[in-house]
Amino acid sequence: MFRILNIFLVLSISIFLIGCNSSGDGDGDDNLTLTLIGEDSATLNAIGGLKSEYEKETGIEIEIVALPFEEAMEKSNQDLRQGNGLYDILLQYNFSLSSYVRNNYVHSLDDLTRNIDASKLEFENDLFQADWEEVGYYYKDFEKPELGIKKVGYPFASNSMLLVYNKDWFDDPKYQKEFQETYGKDLVVPTTWEDLKEIAEFFTIPEKDMYGITMEGANGGWLYYQWVNMLYGIGGKVMDKKRGWEGDENTPIFLNSPQSISTMEMLLSLKPFNKGNFFDVDMYNQKELMKEGNVALAVMWSDVLYDLIDLNNVESTKFGFSTVPGDKSMNAGGAFFVNKHSKHPNEAMKFIAWLMEENNQIEMLKKGLCSPRVSIYDDPSVQHIPYLKALRQSLERGVYMAEAGPDVDVITENITKYAQKVWRGELLPEEAVTQMYSETVSERSKVFTNF
Amino acid sequence: MLLNRIFQYLSYLTIGIIFVYITPLLFSVPSWEIKEVFPLVILDSDYSDSLLRTLSFSILSTLGIIAVSFFLGYILKNIKHKKLLLWGSLLLLPFLLGSVSTSFLFKVLFLHSNILNLAFNNALILFFILGVIQFWQFGTLFTYIFWLNNLSIRETLKEYTDFYNFTSWEKIKHIFLPHQRNLVILLSIFCFVSNLYEVTKLQIIFRASKGTNSELISTTLYNAYLSNSRISPDFAINTLFSQVTIFYLPLFLISTLLLYIFISRAISFIIRPNTYFSFVNIRNTVKNRISVCSLIFLIITILLPILIIIIKQGLQVHNLSYLAKTVYLSLLASLILIIVFILPLSYYLRVKHKHKFYEINDSSLWIFILFFLLFLIPPLALMLFGFEWNNILGVKGAFSTNVIWVLGQCINSLPIIGSFIFVVHFIVRNKELYYLETMNANFLEIVHWSFLKRFRLEYFMTFLFSFSIIWNEGTFNKIYSDVIPSYVSEILRTVNSRNADYSQGMMFFLFSLFLGVICIILWNIILQRFFRPK
Amino acid sequence: MIQLKDVTFYYSQSSEIYDGLTWNIGKPEMGNHIHFILSPSGYGKSTLFKLILKVINPQKGIVKIDDGARISYVPQEPVLFEHLSIYDNATFFKYLLARKKEFNIELFNEYAKILGLDDTILRSKKNVTQLSGGQKRKLSLLKALSLNPNILLLDEPTTGLDAQIKMGLLSQLKDLVHKYNILVLYITHHFEEAVLIGDKVHYLLKNPNGVIANISTQDIQDFKLNPPCLEAAYLVDFPDNRIQKGDYNGKNFSPNELSGRFHLRTIENNSQLFSPNGFPISDDTRE
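Protein chains in written order, with the working numbering: chain A, 297 to 747; chain B, 5 to 538; chain C, 137 to 423.
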């Protein structure tokens with residue numbers, strides 16, 4: 297019996313040691329490895345395309361951990377909280393910004409760029425400034441906002457949401473004629489939400505398996521972004537501020553407005569034309585639904601559009617791209633955050649600066665990156681990308697739409713919750729907006745008192 | 005003598021480790037936000053709705069699952085043929101698959117169907133479907149257990165009831181229900197506490213959210229924890245611990261106790277001599293046919309969804325290295341769980357307290373219940389205890405994470421695996437143990453001759469079983485997946501990502517299925533020992 | 137009252153128990169109440185009961201019970217329900233749908249008195265598991281009698297009881313069955329019980345194929361003096377020195393220790409000849 301016990305113990309210890317060695321080890325190796333974590337998106341895919349070049353140039357190994365959106369966020373936060381330093385560079389979106397800075401999880405750019413040649417940082421002047429401030433700036437001292445703002449991270453992407461439409465249907469003379477006869481106007485890409493609704497209605501013919509729109513209705517932020525695009529397109533707002541991460545407990549909320557009610561009504565009115573299990577549709581499912589080719593319209597994230605097209609055969613693409621209805625687009629995206637517990641912050645910074653170089657940005661744009669550099673969009677070699685023009689227009693007219701302050705979860709979750717309730721018919725739009733507003737106000741105050 | 009003592013004290017180790025593991029609760033006492041807890045959990049509709057939903061679902065689904073399983077176990081009791089009994093082991097398969105595989109199975113099954121649409125738009129339908137899935141996973145196991153337990157009723161009792169023309173109701177009331185009483189209570193508690201913290205299926209299949217009224221308390225606490233941790237990690241942990249300790253744990257403990265009382269009283273009420281319920285009396289030959297048909301129907305219900313998704317998704321094996329990575333620490337955790345945590349405790353209880361701990365009776369039932377009460381600690385809190393220990397001890401990195409993961413998985417799996425081993429050890433009769441003691445055999449010798457030599461196959465099967473449970477576990481594995489690759493995070497990647505690839509998920513699912521089938525084959529070998537020739 | 141005609145029964149084809157068995161038991165009358173069914177263990181006594189109770193059916197032949205016969209049965213292990221009180225256990229049949237009309241409270245009280253189960257026991261707050269072995273057996277018997285049976289089947293009702301309690305129970309049983317004219321079939325492998333209260337002994341006899349084909353019926357004294365086979369002889373403790381082994385050629389018997397045959401001498405020196413398998417050779421073949 298003891299012999300068996302001994303064998304088991306030896307086996308266990310061996311397995312354990314092998315396990316410790318093979319599993320993620322934040323303790324550092326002899327070979328310098330930089331680990332990046334981010335959402336498994338075209339952006340990370342584009343960075344992955346360049347990593348071997350950097351490895352050859354510098355001898356530094358680049359490890360990329362690409363995860364689904366929610367998991368990437370959870371893992372990043374978890375590593376920062378635990379201080380394990382598993383990840384050197386975290387590609388996270390604007391809503392993580394305030395948390396990272398307030399909890400002192402990440403280095404600021406002032407710390408990191410000291411050791412970098414100024415010429416390597418010239419790209420700063422070429423960035424979409426409003427978008428950069430949205431995703432990579434924060435208060436110098438969040439307890440004293442009057443002291444101004446500082447740079448925290450460079451944007452890894454400047455994302456926005458675009459209107460994607462079925463070009464074949466829009467260009468079809470038969471549908472153009474029918475639309476003209478039905479609605480008394482031309483079938484053109486909608487610039488208002490009312491126009492969008494009409495077109496969605498027109499193209500919804502369930503017997504022919506045709507649908508007007510597919511919307512993201514899933515929990516976890518997806519519905520929220522659809523909703524705020526609608527709200528701002530209708531002329532509403534959440535708060536009066538310039539950037540998403542700004543604000544404090546005294547910043548008033550404008551959710552209880554006629555525009556919010558109109559947004560809920562608009563959302564509900566699109567329900568009959570919607571394709572997909574609304575509550576199960578996130579950005580990825582929406583993409584798949586669009587690819588099926590029987591939906592007219594969708595408001596989609598710019599970093600997923602690369603998967604909709606085949607750049608080797610651009611003429612075959614069925615989709616057209618435009619800015620979202622209304623006169624405002626969303627400034628979104630994320631920044632490269634360098635972990636305070638990273639063992640190689642300088643190397644991390646150098647890698648980031650290398651990624652921001654023009655040639656690299658062009659290459660990454662061709663692989664789906666929504667580049668944060670303005671001049672890249674003028675490069676002749678990328679003009680064939682069908683969504684580029686719309687994306688640039690979006691970024692140029694982009695404003696804050698997405699919340700990114702400490703109260704981000706409160707606002708996001710409440711909007712999602714009540715929009716879902718309206719969709720399910722549980723609440724009327726007015727009721728939903730009233731409850732949404734009061735709950736948001738009440739919960740926001742608790743957030744700020746707990747800081 | 006010394007070895008005896010060491011071995012005996014190992015049995016205390018299990019309980020000691022559990023208590024030590026969860027003591028970070030005490031360290032956070034000064035920071036408990038006591039005055040914040042009650043207004044939050046009672047007045048905040050997100051919490052209160054979620055809690056009400058959780059309690060309702062847990063209670064109703066438990067009662068439903070137990071009642072149906074008991075009834076099915078009663079119907080199947082007529083099946084005594086060896087071959088049918090062996091096929092009947094397939095009823096264990098859903099439970100062996102685990103929550104993650106079950107979630108994946110039904111996610112793929114419902115893909116592109118209207119079922120999810122109905123569920124999202126109506127929370128009642130959603131929870132009904134969830135209840136059916138819970139029955140598929142747990143109810144089949146319970147049915148099997150009730151069935152086997154019914155077979156242990158002596159044959160003369162059956163003849164007695166046949167001769168005196170007991171009606172079906174009278175047989176249930178006087179024979180089957182009293183015989184199954186303790187098992188009904190135990191399985192009810194197990195089912196109830198499992199349902200309380202159901203999160204994997206809600207996340208993977210139904211994308212639980214507040215807006216669809218589908219969040220249960222586990223999801224609410226988890227989401228709240230994530231949101232609060234963006235504000236401040238200490239705030240997040242203190243809030244969670246204070247909510248759990250001050251409110252949820254006591255509430256769920258009381259609920260479990262009330263459930264225990266309710267079920268005990270209900271059984272006592274039913275088995276009173278003058279309660280009567282009219283059943284149609286059916287001839288024995290017809291009963292036998294009904295039994296066989298019921299078994300076939302149950303087996304089809306288990307196998308059909310699996311076959312459908314295999315046909316739907318096809319069989320593709322690629323990137324096997326992913327699979328390898330997820331396996332080895334689960335193996336280790338299983339070994340430690342059985343050798344360090346369970347066996348010493350079980351031997352100690354069985355040998356030193358054999359006068360009470362020899363069957364599931366009123367005395368030993370409490371040991372099982374205490375074990376299952378471990379499930380009342382939310383897996384999230386259990387995981388956070390591990391993180392807190394890292395902070396307290398000031399250790400960071402992969403090694404400490406591995407240790408915490410292994411310990412947490414052991415504690416999490418302890419109730420089920422421990423109960424199974426306890427019941428296996430009940431096969432050893434007290435007479436044998438008394439005899440060995442009178443012959444001056446020491447504790448180790450008794451363990452060696454009465455248990456180790458006898459139950460090698462059972463231990464191996466338990467090892468595979470515990471590996472399956474740990475590998476399929478949904479919360480710990482997800483949270484630790486950046487340090488310790490896990491099945492659940494691989495599955496989530498295959499269903500919820502840019503490159504959603506169900507065929508990749510199928511590979512993991514099939515491995516789970518493979519494990520389950522191996523366990524069933526081993527179980528059948530064990531079972532064949534107990535067949536007596538006619 | 138009970139008739140088995142050409143009954144053949146087996147659980148599986150390779151292990152036949154009864155083959156063409158014919159057996160009758162008449163109505164109880166003076167000296168004919170308590171019938172003991174004897175044989176070594178494993179011969180099929182309990183199976184015989186199951187056939188009579190119609191819990192199982194023979195593959196061939198018929199089992200006939202007179203119309204108007206009310207059978208009650210006490211199994212070897214008392215069937216007492218832990219979840220019921222002692223009194224409810226005893227009066228259990230008044231709750232059973234199929235039997236409650238047969239339950240007779242007056243008879244129940246009388247039987248309880250005869251069996252010595254008064255209210256201090258029946259109405260006590262104890263659980264049935266706390267009763268002594270003898271009390272459990274009596275309770276089981278009382279329960280069976282509460283249906284006012286005229287046929288009572290008892291399967292080893294005194295197993296595990298000490299001598300004094302056994303004697304008491306048997307004595308009470310005897311009084312009872314004579315008073316209420318109950319036919320009792322009593323399974324045991326202890327002949328001394330039959331000596332105490334039995335009227336007839338029925339012994340299960342195996343044929344050369346090892347299957348029960350015959351049941352001998354004898355008075356107690358006759359069985360003791362003229363046991364139907366060698367095993368029965370051992371059962372009644374027939375003196376060993378009165379059993380001889382030898383050869384029988386159809387005419388003469390020659391003692392021979394190595395022989396397979398046996399010769400039995402009774403007290404009166406009337407001898408019976410046994411064939412090698414222990415069965416008596418018929419008178420025709422004797423000298």
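You may find that some hints are simply not true.
Taking lysine-lysine and the BS3-like style, the derived pairs with C-alpha atoms no more than 30 angstroms apart in a straight line are [unchecked claim]:
(1) B/Lys175 to C/Lys163
(2) C/Lys360 to B/Lys162
(3) C/Lys262 to B/Lys360
(4) B/Lys87 to C/Lys262
(5) C/Lys190 to C/Lys200
(6) C/Lys342 to B/Lys175
Chain C regions said to be covered by chain B (calculated; three or more residues, Cβ under 8 angstroms) [unchecked claim]:
(7) 208-216
(8) 327-334
None of these hints come from the bench; they were simulated from the model. Please read these numbers as outputs of a predicted model, since none were measured by experiment. Think of the CB as a built atom: it goes at the ideal place given N, C-alpha and C, for glycine as much as any other residue.
(request) Against the earlier hints, flag every one the structure doesn't satisfy and list their numbers going up. (result) Hint check: 1, 2, 4, 6 and 8 fail, others pass.
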